[in-house]
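Protein chains in written order, with my numbering: chain U, 71 to 587; chain P, 268 to 419.
Read the hints as simulated data drawn from the structure, not as lab findings.
Treat the hints with caution; some may be incorrect.
Among chain P residues calculated to face chain U with C-beta under 8 Å, some are [unchecked claim]:
1) Gln315
2) Ala318
3) Asp320
4) Asn322
5) Thr326
6) Thr328
7) His367
8) Leu384
9) Thr404
10) Gly406
11) Gly407
12) Glu409
13) Gly411
14) Pro412
15) Gln413
16) Ala414
Positions of the beta carbon are idealized from the N, C-alpha and C atoms, including for glycine.
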Amino acid sequence: MPNPVIDVRVNQTWDNWHSSSGVGGTVARFFIPWNDWDDNSPSPGGKPFAPGLAALKSIVRQAEAAGKRVRAAGSGWSLNNAAYVPDYLIDTANLSALLIGFGPAYVAPSHQADSEHFVFSQCGAQLKTVNEELAKKGLALPTSGASNGQTIVGAMSTGTHGSANTVGAIPDFILGLHIVGEGGEDYWIERASQPAMSDTFLAWLGAKLIRDDDLFLSAVVGFGSLGLIHGVVFKAEPLYVLELFVRQFDYQQVVAAATTLDMRGLGLPGGDAVPFHFEVVFNPYKRGAGQGGAFVRVLNKRPYVAPGPSVLPTDGTSIHGRDLVSIAGVFSEVLPGFALGDFLQSQLMASVTPTAPKTVSALPGVAFGDSQPTGGGTSVEIGIPINRIADALNAIWAVTDAHPFGAPIALRYVKSSDALLAFTYFPPITCTIEMPGVDSAAARSAHQAIFSALSAAKIPHAFHWGQQAPKDFQTVVSGFGQGRVNRWLAARHNFLKTAAGRRLFSNDLLDACGLSA
Amino acid sequence: MSATFRRGCPRKARFSNAALVLNAFTLIGSSGCYNYAVAAREPPPNSQMVAIDRNNPQTSTQWQFAWGLTNEPVFSPIVCTNGEKDAAGNCLHGSIDPCHGKGIGFYEVNVPWYMLLTTGVTLGIVSGVRTTFYCATSGGSESGPQAISGPH
Numbered sequence: 071m072p073n074p075v076i077d078v079r080v081n082q083t084w085d086n087w088h089s090s091s092g093v094g095g096t097v098a099r100f101f102i103p104w105n106d107w108d109d110n111s112p113s114p115g116g117k118p119f120a121p122g123l124a125a126l127k128s129i130v131r132q133a134e135a136a137g138k139r140v141r142a143a144g145s146g147w148s149l150n151n152a153a154y155v156p157d158y159l160i161d162t163a164n165l166s167a168l169l170i171g172f173g174p175a176y177v178a179p180s181h182q183a184d185s186e187h188f189v190f191s192q193c194g195a196q197l198k199t200v201n202e203e204l205a206k207k208g209l210a211l212p213t214s215g216a217s218n219g220q221t222i223v224g225a226m227s228t229g230t231h232g233s234a235n236t237v238g239a240i241p242d243f244i245l246g247l248h249i250v251g252e253g254g255e256d257y258w259i260e261r262a263s264q265p266a267m268s269d270t271f272l273a274w275l276g277a278k279l280i281r282d283d284d285l286f287l288s289a290v291v292g293f294g295s296l297g298l299i300h301g302v303v304f305k306a307e308p309l310y311v312l313e314l315f316v317r318q319f320d321y322q323q324v325v326a327a328a329t330t331l332d333m334r335g336l337g338l339p340g341g342d343a344v345p346f347h348f349e350v351v352f353n354p355y356k357r358g359a360g361q362g363g364a365f366v367r368v369l370n371k372r373p374y375v376a377p378g379p380s381v382l383p384t385d386g387t388s389i390h391g392r393d394l395v396s397i398a399g400v401f402s403e404v405l406p407g408f409a410l411g412d413f414l415q416s417q418l419m420a421s422v423t424p425t426a427p428k429t430v431s432a433l434p435g436v437a438f439g440d441s442q443p444t445g446g447g448t449s450v451e452i453g454i455p456i457n458r459i460a461d462a463l464n465a466i467w468a469v470t471d472a473h474p475f476g477a478p479i480a481l482r483y484v485k486s487s488d489a490l491l492a493f494t495y496f497p498p499i500t501c502t503i504e505m506p507g508v509d510s511a512a513a514r515s516a517h518q519a520i521f522s523a524l525s526a527a528k529i530p531h532a533f534h535w536g537q538q539a540p541k542d543f544q545t546v547v548s549g550f551g552q553g554r555v556n557r558w559l560a561a562r563h564n565f566l567k568t569a570a571g572r573r574l575f576s577n578d579l580l581d582a583c584g585l586s587a
Numbered sequence: 268m269s270a271t272f273r274r275g276c277p278r279k280a281r282f283s284n285a286a287l288v289l290n291a292f293t294l295i296g297s298s299g300c301y302n303y304a305v306a307a308r309e310p311p312p313n314s315q316m317v318a319i320d321r322n323n324p325q326t327s328t329q330w331q332f333a334w335g336l337t338n339e340p341v342f343s344p345i346v347c348t349n350g351e352k353d354a355a356g357n358c359l360h361g362s363i364d365p366c367h368g369k370g371i372g373f374y375e376v377n378v379p380w381y382m383l384l385t386t387g388v389t390l391g392i393v394s395g396v397r398t399t400f401y402c403a404t405s406g407g408s409e410s411g412p413q414a415i416s417g418p419h
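All chains should be built: construct the whole structure from the sequences, respecting the hints.
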């Protein structure tokens, strides 16, 4: 019996993509598993992931034997230590097997007509890879985040989202999870209320079946706390084109639409209907008339018609604008206050570049394209109910007026999630408010002031698991409501039945949140 | 096509007013940020930069002498399985492809300050660069199981 190939680095330093301050550190054993056997023998037919799965099982057993904690890291996109543990950390980048299209017998009866749209993705597949391979088969992800370098499981586990007000976030289109838990045993977990796969699939996969709504809804946004997620299944959509439209406005021209989703008067390409993706980015220091401090970014879904949109500019740039965290590196507290608004405006013009009156079409994998590491960038993001947006903006402006810091304020609108600890859980649509910037004393101080102002105004809010959080981690947990937290804890206890097992799949962030016991 | 991917350069430095100038000099001089990179792209239709494993950089230092007249410019080392070599430097358990057949997705050349200094002091007689490559991670895709077969 061959062994899976696992490279091991001792005392390796790990950091996140943006090299954010305070994220990562030394790892006692850094595992790099591959989808290869050590004797170069082929994997069983149709299971290119078999060596990688065996590797994850082996690493879990090694961690249990050594009394260490273990975690799997994706692309390091998170801006906090959700992925980090100093004991045993796994680099999942090479576990990127993708199986696209299943026979009808492998999916639940209710899905058999669409079985060719079913995708099994191994944990380390980056969204750019998934996009690429799906596009070759005329398919696409239902939604994604603002860039494409995250792994699918990393993005899912932290609740990564775009602004898909009819789809939700990435975890919301996931149908099932393949998890390696205590003892290196693997499980297939899906909702009891919406089974996705069949007994034939279970027999093929060789995992134990658990159909349990709360367990699925806990693990799908579980940031690695219920075991190592080896793979996921989702249903892809027919390939579509995203038609990008960006227009610059004054603050007062946009604030009504931003707070109510009433699109009248914006002159959007789709008329007054709420677009597939609607996003508003404000410059907090340019809210006056004639200052053009609001940028509306819209994406409408259009059917793909061959040969599709032309691809990329040929000058080495990759996308029509950048994700907002990627502009963060240029800001710092050294900028004098009077210059902050102008400087931020110039960066927004480069990253949310207006296209109006034209639209620019791109495939999903291009519209949410490559991003650049910032070397210290960070961001905070909260989800709030849509009927409290105006109150939240007023609270934020009070802070930014008194304590300027170099961050735009970006609002997106995401269909609410059933996942118990999804920060987009506010029905029917959650407004997410993101403040990307450089990690500085001024920014940290302003962030804390904003969190306090939201609490003082009794605005319900929850924090994104992949971004920076308040110093008081109990605040993070309380944002989800005790009922949801209790259900999450109960599901985790039922799945990880021993204290040793719960410790195995925990880390310092989980400890600080009081979620690891 | 190029992009920056500057692990190792001190871009993480946090600024304060008093330390701004010092940090600027640090940025320029401490580890040398002459940094050049090439990122491969996927074929159309998406044409994105290929996915890479950023956590597994393969770094080496290469020196050339006498203005480049004496050295082979191609560096193509054999990587031993588990890194195990005998006293003569031969692989004990065979060699491996460090990218496991997936190829290089990102290549970076960096000139650390001490190499720059060495080149200057020796008037170019001794010159070095640090090269790093990152493996691509995509293995493509295949179809899932279609027909029901026997027990697996």
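Here is how each hint holds up against the structure:
no.: 1; hint: Gln315; verdict: holds (5 Å)
no.: 2; hint: Ala318; verdict: holds (4 Å)
no.: 3; hint: Asp320; verdict: holds (4 Å)
no.: 4; hint: Asn322; verdict: holds (4 Å)
no.: 5; hint: Thr326; verdict: violated (13 Å)
no.: 6; hint: Thr328; verdict: violated (19 Å)
no.: 7; hint: His367; verdict: holds (5 Å)
no.: 8; hint: Leu384; verdict: violated (24 Å)
no.: 9; hint: Thr404; verdict: holds (5 Å)
no.: 10; hint: Gly406; verdict: holds (6 Å)
no.: 11; hint: Gly407; verdict: holds (7 Å)
no.: 12; hint: Glu409; verdict: holds (6 Å)
no.: 13; hint: Gly411; verdict: holds (4 Å)
no.: 14; hint: Pro412; verdict: holds (5 Å)
no.: 15; hint: Gln413; verdict: holds (4 Å)
no.: 16; hint: Ala414; verdict: holds (6 Å)
In this structure, the hints that do not hold are numbers 5, 6 and 8, in rising order.
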